[in-house]
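Chemist: Protein chains in written order, with the numbering used here: chain A, 1 to 127; chain B, 1 to 290.
Hints should not be assumed to be uniformly reliable.
Not close to chain B: a few residues of chain A, all C-beta gaps over 12 Å, as computed [claimed, not checked]: (1) G33; (2) S86; (3) S89; (4) L100; (5) L107; (6) N108; (7) P110; (8) K111.
Listed next, the in silico PhoX-like pairs over lysine-lysine satisfying Cα-Cα at most 20 Å (straight line) [to be verified]: (9) K274(B) / K263(B); (10) K105(A) / K276(B); (11) K55(A) / K38(B); (12) K23(B) / K64(B); (13) K96(A) / K111(A); (14) K71(B) / K38(B); (15) K102(A) / K276(B); (16) K112(A) / K102(A); (17) K23(B) / K213(B); (18) K55(A) / K221(B); (19) K96(A) / K117(A); (20) K111(B) / K86(B).
These are computed hints drawn from the structure, not numbers from a lab. Where a beta carbon is used, it is the ideal one built from N, C-alpha and C, also for glycine.
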Amino acid sequence: MIITIDEQNPVPIFQQIIRQVKMRVASGELTAGSPVPSIRELAVRLSINPNTVGKAFRELEREGIIVMKRGIGAFVTEEPPKEFVSGFSNTVIDNKVRDLVKTAKSLNVPKKSVIEKVNVEFDGGNR
Amino acid sequence: MNTQAILEIDGLSQAYSRNLFRKTQVFNDFSLSLEPGKIYALLGRNGAGKTTLLNCILGLLAYKPGEIRFKGETMRPGNLHRFLQKITSVPSPTEMFPTVSANQYMDFFRKNYDNWDKELEARIRNMSDFDWTRQIKALSTGQRMQVLQALALCPEPELLLLDEPLGVTDPVVRKYFYKNLLSVVAERETTVIIATHLINEIANLFDEALFLKNGCLIMRKGMAEMQSDYQKFIFDKLPDVKIEGEVGRMIGDAALLSENPEKTEMDLQTRGLKFKQETPSIEDVFESFA
Numbered sequence: 001m002i003i004t005i006d007e008q009n010p011v012p013i014f015q016q017i018i019r020q021v022k023m024r025v026a027s028g029e030l031t032a033g034s035p036v037p038s039i040r041e042l043a044v045r046l047s048i049n050p051n052t053v054g055k056a057f058r059e060l061e062r063e064g065i066i067v068m069k070r071g072i073g074a075f076v077t078e079e080p081p082k083e084f085v086s087g088f089s090n091t092v093i094d095n096k097v098r099d100l101v102k103t104a105k106s107l108n109v110p111k112k113s114v115i116e117k118v119n120v121e122f123d124g125g126n127r
Numbered sequence: 001m002n003t004q005a006i007l008e009i010d011g012l013s014q015a016y017s018r019n020l021f022r023k024t025q026v027f028n029d030f031s032l033s034l035e036p037g038k039i040y041a042l043l044g045r046n047g048a049g050k051t052t053l054l055n056c057i058l059g060l061l062a063y064k065p066g067e068i069r070f071k072g073e074t075m076r077p078g079n080l081h082r083f084l085q086k087i088t089s090v091p092s093p094t095e096m097f098p099t100v101s102a103n104q105y106m107d108f109f110r111k112n113y114d115n116w117d118k119e120l121e122a123r124i125r126n127m128s129d130f131d132w133t134r135q136i137k138a139l140s141t142g143q144r145m146q147v148l149q150a151l152a153l154c155p156e157p158e159l160l161l162l163d164e165p166l167g168v169t170d171p172v173v174r175k176y177f178y179k180n181l182l183s184v185v186a187e188r189e190t191t192v193i194i195a196t197h198l199i200n201e202i203a204n205l206f207d208e209a210l211f212l213k214n215g216c217l218i219m220r221k222g223m224a225e226m227q228s229d230y231q232k233f234i235f236d237k238l239p240d241v242k243i244e245g246e247v248g249r250m251i252g253d254a255a256l257l258s259e260n261p262e263k264t265e266m267d268l269q270t271r272g273l274k275f276k277q278e279t280p281s282i283e284d285v286f287e288s289f290a
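Okay, chain B solo, but in the shape it has when bound:
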């Protein structure tokens, strides 16, 4: 088995200018290493740095200092085109050329990539319900998403970056998208990074969740680990004081998340508080940490 990292991010720093004199630092000495053939969920509140991170990997944003390596090779502006044969992404549909047809898009991409999965293309076209000779401006946002999905999956990428890929698509499109994605991943061992807010929808999909907060990786865990490491305590009314073992609270639910259930249980009992215990969902964990 190949255990070499597919992507290594080393000491990444990235800042964007707010005006001539001020900069906002998004990442400061950020490092991350991803294994091949795994699906990663990139989670974080709005503004946590998810899109910035993906744009750095795609070479759309400059970073200094810092290094990003794909299968051990450092990516630079000069050699980026080679890597982009193997790294694809689903960008925002508003960035498409309005007067180009879906078919023209497909033809152009097919010519520019070394590999192209014709069978998958046929499958995606078959399940779509629109005319691919139409121009992009005549397609709905959901239909454009389907074109973008085909463009990202068909070149047989080794690394696929999805930035909120299904925000506006209908449930049928979503279901087929995940099914196509999974069949590609299972067959080729594609590594996938999905940045999304629809956490529960991908709860069964990812190997590891990467939690970003203010440009820092605050947690990296698998779903099973998350559920065994933490316990959810539910109350009628949240206690006013911090409870032992507590790592965060879910305000809407009057519940808290504990990393040490025994300690928390004892503390709550000595305080004479009533509670119920539950296995947390990924959304509970997200809410407590975000």
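Chain A with its partners taken away, still in its complex shape:
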């Protein structure tokens, strides 16, 4: 699993990690029961504090997305909470749409043209 961090992003790093793991679980890239990299592995790979990774993992465990088995490692839970998968996708899309609309408004791009572009992008993706 590839996790990256964006140092320019003001979002705290542990939240960036949480988000990316959730993203992969919601998209189905990480299936139930599949292993997640260990705290040490991730800390060394990303050159960040192991406690930061630990904090992210504990939060993910609290939300029932991963389960940590001492001495073995962390795994995606057998049954990730259903409301999480749909809820998370919605939140992500809501935020992106909000950003898009905000940018469009500040650049005086009309609503119609934005919707048109969204349509084109969607259909283009089906090719």
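Assemble the complex: chain A is given as a structure, and chain B must be docked to it using the hints.
Modeler: Frame of chain A, contents of chain B only:
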């Protein structure tokens, strides 16, 4: 979980003599307590007392009055050798013996410490690109730093003191150093104190930053706290008056740091000043407080 402090500094006072009659007080009744398994960034301008503090912990400087305890036990000149099995440091490379080879250094240290991580030693040697049979005087400063890093990390310390550990090393060496450091910390829960001026480089590494100014601890905060407690306000031109909530200014950026963004925002609006808000970087916070 063990919550006993790994290091406690209690009422430390330290002064060095400038001449026969005058002393300069570096610390006056300084106290600090550090938790095990955490990485601390020791920050402060030149002369703030960072190196003096680390030297006191290592027993290289005498202090009076004051007490330093390692895992609850008071450190004294008479019992210091026991603690130094568990506390290692990366000193300045100019203090190495020039005619001793890197290998001889390693052999000597290996014999003198109870523990030695051979696997880590092999890893550090593998990534280095110089001949360890060479004498120290034949190695560049960056290469000497790598030897010192091996000497400090391999004895499996519980407390590691790094005083500007990477000042002159190249980016590749730095990257590997941090990776080795993190793998050791994650595995053994080593406590680390890093004194450095390369603040942005360690922004993702530390649990808490300790800000020293004139021998006083003026702030102790985690990175997340720092970014949530403060807000950066950027201007075309800095206002001439002190703004409400302002804690400091970043002159080069025409920006100020606020501890109360709502108040600052209101004050700026009533003054009719234009501004932009941003989450501060650790360097911004450092600049505003130092």
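Chemist: Indicate, hint by hint, whether the structure satisfies it.
Modeler: Hints, one by one, checked against the model:
1. G33: Label holds. Min Cβ-Cβ 24 Å, cutoff 12 Å.
2. S86: holds (29 Å)
3. S89: holds (26 Å)
4. L100: At about 21 Å from chain B, L100(A) clears the 12 Å cut-off, so the statement holds.
5. L107: holds (18 Å)
6. N108: Check passes; 21 Å lies beyond 12 Å.
7. P110: holds (27 Å)
8. K111: holds (27 Å)
9. K274(B) / K263(B): Holds, because 15 Å separates the two Cα atoms, which is no more than 20 Å.
10. K105(A) / K276(B): Between K105(A) and K276(B) the Cα gap is close to 19 Å, so the pair holds against 20 Å.
11. K55(A) / K38(B): Roughly 13 Å separates the two Cα atoms, so the pair holds.
12. K23(B) / K64(B): holds (13 Å)
13. K96(A) / K111(A): holds (15 Å)
14. K71(B) / K38(B): With Cα atoms ~14 Å apart, K71(B) and K38(B) stay inside 20 Å; holds.
15. K102(A) / K276(B): Holds, because 17 Å separates the two Cα atoms, which is no more than 20 Å.
16. K112(A) / K102(A): Holds, because 15 Å separates the two Cα atoms, which is no more than 20 Å.
17. K23(B) / K213(B): holds (18 Å)
18. K55(A) / K221(B): holds (16 Å)
19. K96(A) / K117(A): holds (15 Å)
20. K111(B) / K86(B): holds (15 Å)
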